[in-house]
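Enquirer: Chains as they are written, first to last, in the working numbering: chain W, 13 to 402; chain G, 13 to 402; chain Z, 13 to 402; chain E, 13 to 402.
It should be emphasised that the hints constitute simulated quantities derived from the structure, not laboratory data. Fair warning: there could be bad hints in the mix.
Derived DEER-like restraints, expressed as beta-carbon distance ranges [what the hints assert, rightly or not]: (1) Gln145/G x Lys386/E: 26 to 36 Å; (2) Arg345/E x Asp116/Z: 28 to 38 Å; (3) Val398/E x Gly122/G: 56 to 66 Å; (4) Lys386/G x Arg33/W: 28 to 38 Å; (5) Pro360/Z x Arg344/E: 20 to 30 Å; (6) Arg42/E x Gly147/W: 33 to 43 Å.
The beta carbon of each residue, even a glycine, is placed where N, CA and C say it ideally should be.
Number of protein chains: 4
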Amino acid sequence: MLGTGLIGLFYTRTLHGQRNRDRVQVVYSRSEERAKAFCADNDVPEWTTDLEAAIAHAETDTVVIGLPNQLHEETVELCAKHGKAVLCTKPLARTAEEAKRMLDTVERAGIFGGYLEDLVYTPKTLKAVASVQAGQIGDVLWARSRETHPGPHSAWFWDAAQAGGGPIVDLGCHCIEIIRSYMGKENRPVEVMCWTDTLVHPIEAEDNAIALIRFESGAMGQFEVSWTFRGGMDLRDEVAGTEGTIWTNHFLRTGFEVFTSGSGGGYVAEKAETASGWLFPVGDEVAELGYVDMFTDMFDAIDEGRAPSETFYDGYVVNAIIDACYRSADSRRWEPVQLDDWRGAGVPRIARERREHDGKTVIKEEKMPDGRSKLILKDEATGEFVDVVS
Amino acid sequence: MLGTGLIGLFYTRTLHGQRNRDRVQVVYSRSEERAKAFCADNDVPEWTTDLEAAIAHAETDTVVIGLPNQLHEETVELCAKHGKAVLCTKPLARTAEEAKRMLDTVERAGIFGGYLEDLVYTPKTLKAVASVQAGQIGDVLWARSRETHPGPHSAWFWDAAQAGGGPIVDLGCHCIEIIRSYMGKENRPVEVMCWTDTLVHPIEAEDNAIALIRFESGAMGQFEVSWTFRGGMDLRDEVAGTEGTIWTNHFLRTGFEVFTSGSGGGYVAEKAETASGWLFPVGDEVAELGYVDMFTDMFDAIDEGRAPSETFYDGYVVNAIIDACYRSADSRRWEPVQLDDWRGAGVPRIARERREHDGKTVIKEEKMPDGRSKLILKDEATGEFVDVVS
Amino acid sequence: MLGTGLIGLFYTRTLHGQRNRDRVQVVYSRSEERAKAFCADNDVPEWTTDLEAAIAHAETDTVVIGLPNQLHEETVELCAKHGKAVLCTKPLARTAEEAKRMLDTVERAGIFGGYLEDLVYTPKTLKAVASVQAGQIGDVLWARSRETHPGPHSAWFWDAAQAGGGPIVDLGCHCIEIIRSYMGKENRPVEVMCWTDTLVHPIEAEDNAIALIRFESGAMGQFEVSWTFRGGMDLRDEVAGTEGTIWTNHFLRTGFEVFTSGSGGGYVAEKAETASGWLFPVGDEVAELGYVDMFTDMFDAIDEGRAPSETFYDGYVVNAIIDACYRSADSRRWEPVQLDDWRGAGVPRIARERREHDGKTVIKEEKMPDGRSKLILKDEATGEFVDVVS
Amino acid sequence: MLGTGLIGLFYTRTLHGQRNRDRVQVVYSRSEERAKAFCADNDVPEWTTDLEAAIAHAETDTVVIGLPNQLHEETVELCAKHGKAVLCTKPLARTAEEAKRMLDTVERAGIFGGYLEDLVYTPKTLKAVASVQAGQIGDVLWARSRETHPGPHSAWFWDAAQAGGGPIVDLGCHCIEIIRSYMGKENRPVEVMCWTDTLVHPIEAEDNAIALIRFESGAMGQFEVSWTFRGGMDLRDEVAGTEGTIWTNHFLRTGFEVFTSGSGGGYVAEKAETASGWLFPVGDEVAELGYVDMFTDMFDAIDEGRAPSETFYDGYVVNAIIDACYRSADSRRWEPVQLDDWRGAGVPRIARERREHDGKTVIKEEKMPDGRSKLILKDEATGEFVDVVS
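Sequences are here, hints too, so could you generate the full structure?
Expert: Take a look at the structure:
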């Protein structure tokens with residue numbers, strides 16, 4: 013386990029949670045003090061402040077990277093050098109170029125490269141994606157993903173130089189991969205339109221962004237990210253298809269509601285803003301946020317010699333979309349997603365079916381309040397639209 | 013009352029509902045059959061198929077236009093000619109140019125011109141806007157409005173030539189005015205970025221659209237409209253400010269949930285798709301959709317000799333934003349909102365405050381799970397970010 | 013309008029709201045100061061501190077009683093004396109005996125007697141009751157109604173001698189009538205089992221109660237009332253039938269959610285406990301709480317010479333059930349509802365249908381996860397239960 | 013694993029799920045066919061139709077009982093005979109007497125006896141109980157638990173002779189233990205009032221029941237169970253305390269909403285009634301229903317040589333409360349909970365605090381809509397109640 017910040021803590025808690033058979037053997041931190049405290053708190057046997065030593069350690073089968081973004085590339089190179097399986101936290105890199113080099117490093121070395129995109133693995137998302145793949149909502153038309161909260165917990169996130177950007181990099185990476193999961197990974201992201209602004213915080217990076225991602229099928233992805241949201245952490249996704257709709261809420265409204273005058277006290281949930289009044293905790297935070305299913309997929313994949321659902325290649329695609337977002341925010345127009353290495357099969361355009369009635373095109377069929385049926389028809393010859401009630 | 017379609021029905025039901033003192037005296041329809049049936053069903057004394065006769069009628073104080081979009085302009089001219097107060101359904105016109113002529117007509121004639129934008133008047137929106145104006149969520153940063161459903165009920169809506177467009181014109185006009193209400197009407201809409209596509213229906217107009225509207229204050233408006241949504245009619249708005257957040261749901265999730273095996277049967281709600289399983293009706297449809305409060309404002313305004321909250325000028329601004337949406341969808345870039353006649357006072361840019369601690373900029377202050385406080389600081393001299401836990 | 017407390021204010025606001033044609037002409041209060049202030053705030057022309065004068069006033073067509081419970085009877089007698097229509101706030105009386113005398117007074121005098129039970133008239137309840145009557149949920153099996161909040165706003169409520177009891181009288185009267193509306197008013201309430209306790213407040217009356225009301229059809233009514241609930245005012249009803257289920261939430265979760273840091277401030281909603289954090293206002297309080305539809309029914313009934321949906325007789329039945337509740341809380345067993353004057357037609361026992369398959373009773377038919385169908389059958393001869401999967 | 017029904021399947025799926033280190037080695041079923049299919053489907057190495065052989069098997073460390081209620085006792089005796097740890101599904105027994113014998117058997121043999129009460133272990137319940145124990149809602153006043161659905165999946169459940177009763181035994185056992193968890197296990201359940209009826213199904217057992225459980229502290233537990241509910245499986249709990257309120261929804265409203273026209277198809281969720289329209293799945297069924305955390309506690313307890321949170325003693329207390337429910341349904345009055353072996357420490361009555369102001373008792377303090385504060389006071393000498401606004 014490389015890193016003792018919030019993400020390292022969540023990862024370790026997940027790995028050591030329930031009756032899991034996988035264990036963290038050695039933890040790396042730049043600070044001896046934090047490393048020792050982490051071992052004590054989380055029942056980890058060994059620690060080191062030497063990054064390469066942690067990776068090369070004889071008991072280390074798999075390296076889990078929970079370090080700031082600017083350290084990902086060099087760490088992956090060390091994993092490649094020592095032939096260790098590597099699981100890297102999100103975002104994979106700060107740019108697609110960096111991500112591509114990391115992907116090449118892993119593939120050249122023939123090591124396992126897992127991309128730790130947890131929100132794709134939330135139990136609701138897994139089941140919803142399965143529903144979509146089973147055809148329950150027909151062809152996907154839109155997919156929207158939102159992650160907003162009042163801002164991250166560590167200083168380096170706020171420094172665009174270290175992080176590679178603001179909430180697009182921090183949160184948009186989740187949204188993009190959720191959207192891709194609903195769209196289907198064979199469905200090429202073609203172009204991006206993005207707005208960013210720094211409305212509240214005294215920083216260089218954006219603190220709010222909205223992006224549209226147009227896919228090859230014609231379907232539209234949309235994400236909304238913010239570091240200025242008030243009220244906790246809002247994690248919601250929506251998918252609209254020709255035959256249905258799916259709404260998932262992962263955090264603020266999950267059927268768990270608490271009112272407290274403030275007596276008692278204690279930790280409520282990640283990014284909660286208040287400790288009294290109406291609060292909305294989640295049941296099991298690491299399960300709800302996808303960490304449990306994510307590590308299950310990763311370690312099962314390693315055991316079974318298969319690729320996990322989220323690979324370094326996926327991380328690279330995410331970074332390519334993020335790059336297009338920033339280019340679009342600058343150019344103020346749609347920008348192509350530059351993917352030199354596109355591995356998807358390609359998908360057809362969403363089909364618009366034409367149904368006929370009396371030689372006219374059926375636009376809509378509906379039941380009226382009084383029980384009768386109404387057909388809205390178009391005469392393609394004359395271009396005229398008529399209602400037919402029966 | 014001009015028009016006997018769904019909107020004319022809703023309007024009349026509202027006016028004749030509860031203990032209201034205002035009454036529909038004469039109804040106009042192109043069809044004698046529909047006019048007669050409407051009178052019988054709604055207890056209206058007189059009908060005519062002569063538009064001008066209805067307007068000129070001695071008992072007509074106020075004309076309510078519930079006609080297709082392409083008939084609005086000529087009808088308003090007739091109202092001006094006969095000096096009658098006029099309330100026109102949304103959208104005011106098909107283009108800003110047309111709307112501007114209608115606005116000029118009304119102002120030149122000195123008649124009352126009310127813009128029947130009902131969703132700005134939903135009880136939740138009225139209270140939420142009052143909250144925003146009272147400062148409960150601080151400065152508005154984002155406002156989003158969504159209206160999606162499976163498509164309108166009358167043939168003319170589907171004909172771009174008659175309607176002036178697709179769901180942007182039909183539904184986006186609501187969303188735009190809701191967003192403006194939250195932003196403040198002095199806050200100039202500067203430019204628009206819009207995506208449209210025709211994904212499902214065999215029509216010329218778009219059936220899906222997303223637009224971003226940038227306001228003078230820096231705040232961002234966002235709307236999502238669709239004629240392909242499955243599951244009913246989704247009417248939701250969200251506003252995010254520096255001090256809070258507001259979410260309103262006007263239709264599909266309002267605390268009224270019904271499961272039925274399908275026995276009994278009957279009308280569920282506007283745009284409901286099914287008559288069995290889990291259904292989500294609303295209590296009082298005309299009240300929840302804003303019709304009641306809208307007509308109260310209109311008739312009170314007429315009685316008191318003041319302007320209503322929604323005037324022909326507002327309708328003109330909405331059309332100007334819609335025009336910019338279509339231009340942007342074509343040009344694929346941000347397009348300015350062209351308002352030759354801008355009457356707003358203007359507002360300043362959202363202020364980004366800088367707070368100092370030990371000579372450094374405070375980026376964030378937060379409580380950690382273990383109860384300690386953390387400051388994230390930026391040293392403006394060196395550009396370095398640090399965490400300080402205490 | 014008799015009374016200038018919270019209820020008098022809500023009533024007057026309702027009558028003077030929207031484009032209503034009914035007006036409050038004269039208001040009575042025991043205090044001159046409060047009467048004057050009330051007139052000024054609510055645009056009421058006249059006031060008096062003489063109860064009989066207000067009733068006898070030439071402009072008074074209808075008397076609205078918004079006074080404490082112990083004053084209802086004498087006021088109704090004055091209305092009878094002066095031959096004025098009377099609308100009395102809930103509960104009608106403190107006991108069934110008192111209610112019966114009031115009912116007799118009104119019927120003897122031949123005056124209109126409306127029972128102002130607002131929560132039966134909430135828009136959701138009206139529509140839900142209509143659904144039940146239309147058969148959408150089949151035979152009603154259970155109906156539950158809850159009203160809980162942190163306690164009432166005026167001193168007299170807390171005094172059992174004046175009020176006639178605690179939350180059973182104050183809130184249970186609503187719940188009972190909601191339950192009766194779902195059960196059908198022909199369905200006789202047979203017996204009651206009730207628990208009460210005074211858990212928190214230093215008062216003589218109960219501050220918490222739960223009651224079960226068994227109806228003639230076999231259906232069970234259940235109410236839960238409390239003056240110790242934390243978090244606002246919880247108004248929820250549920251009905252379960254053989255073919256469906258209805259859940260209504262009238263106050264705390266109606267699709268309107270606000271988070272505020274506390275800036276701005278202002279009135280949130282009746283019984284709201286906090287002014288910051290997550291708040292749950294309602295759109296239009298007097299409409300959502302049923303006042304609008306209630307007065308519409310009352311004045312329409314007066315105009316049309318018919319009985320309103322809620323009469324003094326209904327108020328009497330409610331009081332009879334309340335009396336049974338208190339008797340049961342004392343005796344700790346089921347107590348009959350004593351109704352000397354029962355006017356309902358009577359209803360049959362809910363029918364348990366028996367369906368046969370191969371000569372056996374079908375207990376259940378269901379679809380299994382693997383898609384197959386399963387029948388659970390009972391052999392009435394042997395008493396044996398078997399699963400048959402096909 | 014003894015039993016291959018729905019519960020055996022859920023248990024095995026849980027044990028074999030994620031990266032769990034515990035495995036099912038041998039499965040017992042009365043039917044060879046079901047046993048073989050179960051092994052194949054769930055990757056279980058061995059099967060047998062000989063109950064004692066499964067228990068005595070050399071690889072069996074722990075026996076998991078997933079058999080019908082009437083087989084629990086003899087199976088536990090076999091576990092005692094062979095000295096194997098035993099985990100028994102809920103309810104422990106059909107009566108408290110049977111449960112007591114099983115408890116004695118386990119304690120005499122000195123074997124580990126875990127009570128598999130899953131719903132006490134749902135992630136939300138675990139966190140909510142921790143909140144209550146931390147004092148976040150003050151003293152518990154009420155706790156309500158509901159489990160209702162359209163009826164169980166296997167024939168034996170419907171046979172009162174085999175099952176020991178209807179939904180009180182099947183579902184009430186969950187509710188009772190959830191209520192006890194909120195009340196605190198030292199808090200003695202004193203007496204019970206229960207209503208049962210058979211309203212719909214052609215069976216001897218009840219199909220609906222409501223019970224009140226009074227605890228030593230004065231707090232009231234309330235449960236509602238039904239085999240006739242329409243709309244899926246409703247699993248909701250509520251706790252009200254002097255300082256707060258907790259609402260948990262485990263199944264039908266958990267932030268996961270799907271609308272589908274019915275295309276695609278597939279398994280939705282346990283007890284779901286429809287495959288089209290609005291559906292409400294849960295993310296990870298075995299996690300949400302508590303199976304994961306339950307087995308973690310059980311196996312951790314075995315490893316650590318401690319008692320689990322839910323023991324055979326808890327199962328015995330649950331059965332004693334169930335017995336009191338049936339006695340009360342018969343006698344139609346409050347019945348004492350007969351616990352010959354009560355091991356709780358006992359708790360004091362909920363304290364009603366008295367606060368003084370000017371020598372009077374403060375009944376309530378509240379903020380008025382106009383911003384002023386109001387005190388409601390009682391003069392204990394005169395018994396008079398007054399409002400003091402300041």
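Enquirer: When the hints from earlier in the document are held up against this structure, which numbers fail?
Expert: Hints that this structure does not satisfy do not exist here, as all of them hold.
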